[in-house]
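Asker: Construct the entire structure; sequences and hints are all you get.
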Amino acid sequence: PLAPAVKNFTLNFTITNLQFTADMQNPSSRRFKSTEKVMYHYVSLANNALLGHSSLSISHLLPSPGHFAYFHNRDDTGVDAMCSCRNEPSDPKFNSTTVYHELSKMTNGITKLGHYSLNSQSLYVNG
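The numbering of the sequence shown is our numbering, which starts it at 5 and goes up by one.
Misleading hints may appear alongside valid ones.
As the list claims (entries may be wrong) - Beta-carbon label-pair distances, calculated as ranges:
1) 45 / 14: 24 to 34 Å
2) 49 / 99: 27 to 37 Å
3) 101 / 34: 34 to 44 Å
Claimed, not checked - Pairs of lysine-lysine residues, derived as DSS-like cross-links and limited to a Cα-Cα distance of at most 25 Å, are as follows:
4) 109 / 41
5) 37 / 116
6) 11 / 41
7) 11 / 109
Calculated directly from the structure, the hints in this document are not laboratory data.
The C-beta atom is built at its ideal place from N, Cα and C for all residues, glycine as well.
Answerer: Pasting the structure below:
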């Protein structure tokens, strides 16, 4: 049997209730690590929801550990998450538009990710 194909892509979004601080750009800082842990948790929850309640045939959607980047976006914090998914050979091909729509539904119209508020115009799936 063929091995599942791995597709890498980026999720970008802006958190409006997390003030950006300079130490969030330093991967060895405590603030970066704690924020990354929370982001990984929320994106993992999104993964579980996608697997159980969506039209996607993706068997895995997770950020790669250590592949978060934070940037200053006015008073907010922008997030870039490098992710990957594995498609079984019999699955439909990865579709970034479908992932976008599913994530939009899961985040209440791109407004909530756990206890974080999102800029509803900020979600972008590149891949």
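Asker: Taking the hints in turn, state whether each one holds.
Answerer: Tested hints:
A hinted range of 24 to 34 Å is violated for the C-beta pair residue 45 and residue 14, which are about 19 Å apart. At about 21 Å, the beta-carbon gap between residue 49 and residue 99 misses the expected band of 27 to 37 Å. Hint check: residue 101 to residue 34, Cβ distance near 37 Å, so the stated range 34 to 44 Å holds. Among the hinted pairs, residue 109 with residue 41 is consistent with the structure: their alpha-carbon atoms are about 23 Å apart, no more than 25 Å.
Taken as a hint, the residue 37 and residue 116 pair is honoured in the structure, with Cα atoms around 21 Å apart against an allowance of 25 Å. Distance check on the hinted pair: residue 11 and residue 41 sit about 23 Å apart at the alpha-carbon level, within 25 Å; holds. For the hint pairing residue 11 with residue 109, the CA-to-CA distance comes to about 22 Å; that is within 25 Å, so the pair holds.
Violated hints, in rising order: 1, 2; the structure is consistent with all others.
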